[in-house]
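Visitor: Here the protein sequences come in this chain order: A and B. If you read the first sequence in the numbering used here, its first letter stands for residue 2, the second for the next number, and so on. If you read the second sequence in the numbering used here, its first letter stands for residue 258, the second for the next number, and so on.
Careful: at least some of the hints might be erroneous.
[Unchecked claim] Dumping the calculated DSS-like pairs for lysine-lysine here, alpha-carbon to alpha-carbon at most 27 Å:
1) A:60 x B:760
2) B:456 x B:393
3) B:778 x B:760
4) B:715 x A:60
5) B:553 x B:623
6) B:674 x B:600
7) B:674 x B:691
8) B:456 x A:60
9) B:692 x B:674
It should be emphasised that the hints constitute simulated quantities derived from the structure, not laboratory data.
Chain residues, written in single-letter form:
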Amino acid sequence: MIRYFARRLAFALVLVIGVSSATLMLTRLAPGDFITESLGTGASQQTIAQQRARYGLDKSIGAQYRDWIAGAARLDLGYSMQYGRPVRDLIPERAANTAILAITALLFATLIGLPLGVITGSRRGGAMAGAIRAASLVLLSMPPLLTSLFLVFLAARTGWLPISGMRSATVPAGGALIDLLRHLVVPAAAIALPLAAMLERLQAQAMSEVIRAPFVLATLARGVPQSRVLWRGALKAALRPVAGVYGLVIGSLLSGSFAVEVITAWPGLGSLMLQALRTRDIYLVAGCAGAGALFLACGTLVSDVALAAVDPRVSDLRTERA
Amino acid sequence: MCRQLFLAAVAAICTIAGAACGSNTTSNATTAGASRSGIPRGGELLVSVRSEPRSFNRHAARDTTTSLVSNLTQSRLVRVNQATQAVEPLLAESWTTEDQGRQLTLSLRRDVVFSDGHPFTADDVLFAFESVYDEKTGSVLADSLQEGGKKLQVSATDPHTVVVTFPAAFAPGIRLLDSLPILPRHKLEGALKAGTFRKAWSLDTPPSEIVGLGPFLLIEYQPGQRLVFTRNPKYFAKAPDGGALPYLDRVVAEIIPDQSAELLRLESGQLDMMTSEISPEAYAPLKRAADEGRVKLLDLGVSRNADAFWFNLKPGAFGEDPRAGWLQRDELRRAISMAVDRKLFADTVFFGAGVPVYGPETPANKIWYWPGLPQTPHDAAAAKQLLASIGLSDRNGDGMLEDAQNRPARFTLLTQKGRPNLERGAAVIRDELKKIGLTVDVAALDAGAVIDQLLHAKYEALYFNADKSDLDPGTNPDFWFSFGSAHMWNLEEKAPVTDWEKKIDELMARQIATLDEAERKTIYNDVQKIFYEHQPIVYFVAPRIYVAHSSRVVNLTPSEYRPQLFWRPETVAVVH
């Protein structure tokens, strides 16, 4: 088991280095740089040359990469050109904001998607199951961009919730936690609704197969109440496909949802990376990409652990391989 | 499973609670009331910005948000009134011009103190110039505070008198001082001497360390969320009724990267004003909101800048490319100017909210715009004749033009990706030129890449913004002089390449040297005429500028230039 985790850790390390290195090189190779973007038209060639030298952009790509990777080995990811702060400091504060959003959205999606999947998967017909299926299909076909625009519009029209941001400038009555929760509703729902629909569809598919399995039929034949069979035995057996994608979902959510974070002005990793890409802040882009890769690697690990928890056969197989 | 979900829920709530506890509460202290002139005092103004500041030090960055922070927290010697174009006193209460425009003597206000109580003197003005010209600093303001590539000489004759000497007679000299924030020597001299001035007042500097002469003080910066300012009780300027300025107690600048979200917040009352104009596509929904009384929509007139189309006129830029024979010809540019229907352009690109322009100035420039400039007619037939005169005609009957060797008349037009006005404009140019037989391939790149191609002269034609920061042509020498870094069609020429550029150089040299405003105007009309005849840049349409604000914002002095409603922040007030 230890060897298995060591292998996964090594894989995560290679993934992070590979992704951040490739991002750094590609961003550097594209025409234009932070200086041309920030100085705009009209700056003299002399000024541009001075500024490039200041940020090390006058070095060759190879030399720049060598310096960066040497720093990264010491956990020094370089300085953000636009913020004038170490990338190492910028990423954790934004990643924490993204984590708050991602965990809340995941929680919403799980609490909504899984039970609904059990309902639709265990009932062949009925108006309720039909309505849930239809709603899921609509939500699945809507990208988070559209969902967030719709929810922002709704919040603006009703005035019930803040449209954007993470906290109010002045802490309102009710305290900081209530303020944060109110700000969370729109972005978390924008991410959670399509995700809940996906989980519902996966769970329903798995459930419809499991309830026809011999062990379920045998349990029912022994007179165990149907609800108990569904929500205990059958649910656990049907969780495998969901657990398989769960880790990937966690990884991608923690990497930051560009569209939702930008539209709802959520100060997370996604909006930070988008801003870094726009301004060609290469060290920050590489740092954000590396953080995203790390989250993805952790997500797949979580996925494997979750899969092992719901399916002992997977756990046994991995122990044998290790 | 239930236990796992429960644990996950607890973990999430703990994370959220932890983050929430990290937030700061802010004071609600107010100076609420009304001035003797009836303008309300106190209250909070909620404005939006599209991006985070890059620094709290104006010398380190020139982005819009850094400029806004500087305008709120720092002051300058003088300010160009964006509504009237006149220069008005700020820290300098008066000035005289001597030595035929070479020398300015400025009398500074007395009894002015920085926000920490330290007195402001001429020494701080000298420090401001030292920092802008310091080579280690590499200030982004350095280029704009030079004349003919040379630094200004500054000295202080006493603690309240500063003498600024220009390398040569320079009529609009006083206007240059509008761009220089006066920073406190007592706080930043150490950083300048240590060669770390540029890094001083970076984003991780505690706001309490930032000291200024501006109307507001930065009290909080929440990365990715907002900047919070409170009124500077020591601000020197007074209202016309003698009362203290600024009127507002607090300004909160919310960072909202997306304009749709910005507009929705404005419409729903969660925002008071934006610090930029609204895009043409946002006009219709905002007009509805204005009709319903939810916002106020202002038409500020025509923009001072029109997006610009130009060819690469650097000699040898096309190497052995046979198209070099016609791509750099005046006739081609004149034909293009005639071929594009400016009415159609305004309707398509700006949804009708634009006016045709034919030269480098738009009607927004009330002093320097020349109504006598000829107006290019929309005439496709005449355009084709002009193209025929440079050897481009339809030789194979396919409706498209070819050169003398039967090669298609085709070029690539580069523009900026993600700017709808530019992308739509490039598409209109492509479609209009197709009608006269020219094939245009539009390529859209991000801004940095476009500027990189421009700097390396690796483009055929560009449709981009060539904005001028000030309305006085004398303050835009980089654009007009052939050696200028903003001489877009051929940057930083060693010597004028063409006779007409040489003529413009001569005229502009006279234009900035003379102090006679009427003569300056006459000379500039001649410059515009030469420019029109050769059209190194073709202008089509200048958009109208619309801005919106909530109905509780009062005492505004709108200008079509950014930040349209907030260039004079100390006089803005809110009804609360």
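Visitor: Now tell me if each hint is right for this structure.
Guide: Hints and how they fare:
1. A:60 x B:760: Violated: residue 60 of chain A and residue 760 of chain B sit about 40 Å apart, past 27 Å.
2. B:456 x B:393: Holds - the C-alpha atoms of residue 393 of chain B and residue 456 of chain B are around 11 Å apart, at most 27 Å.
3. B:778 x B:760: holds (16 Å)
4. B:715 x A:60: holds (21 Å)
5. B:553 x B:623: Holds, at roughly 25 Å.
6. B:674 x B:600: holds (24 Å)
7. B:674 x B:691: holds (22 Å)
8. B:456 x A:60: Since the Cα atoms of residue 456 of chain B and residue 60 of chain A sit roughly 21 Å apart, the hinted pair holds (cutoff 27 Å).
9. B:692 x B:674: holds (25 Å)
Hint 1 alone, counting from the list given before, is not met by this structure.
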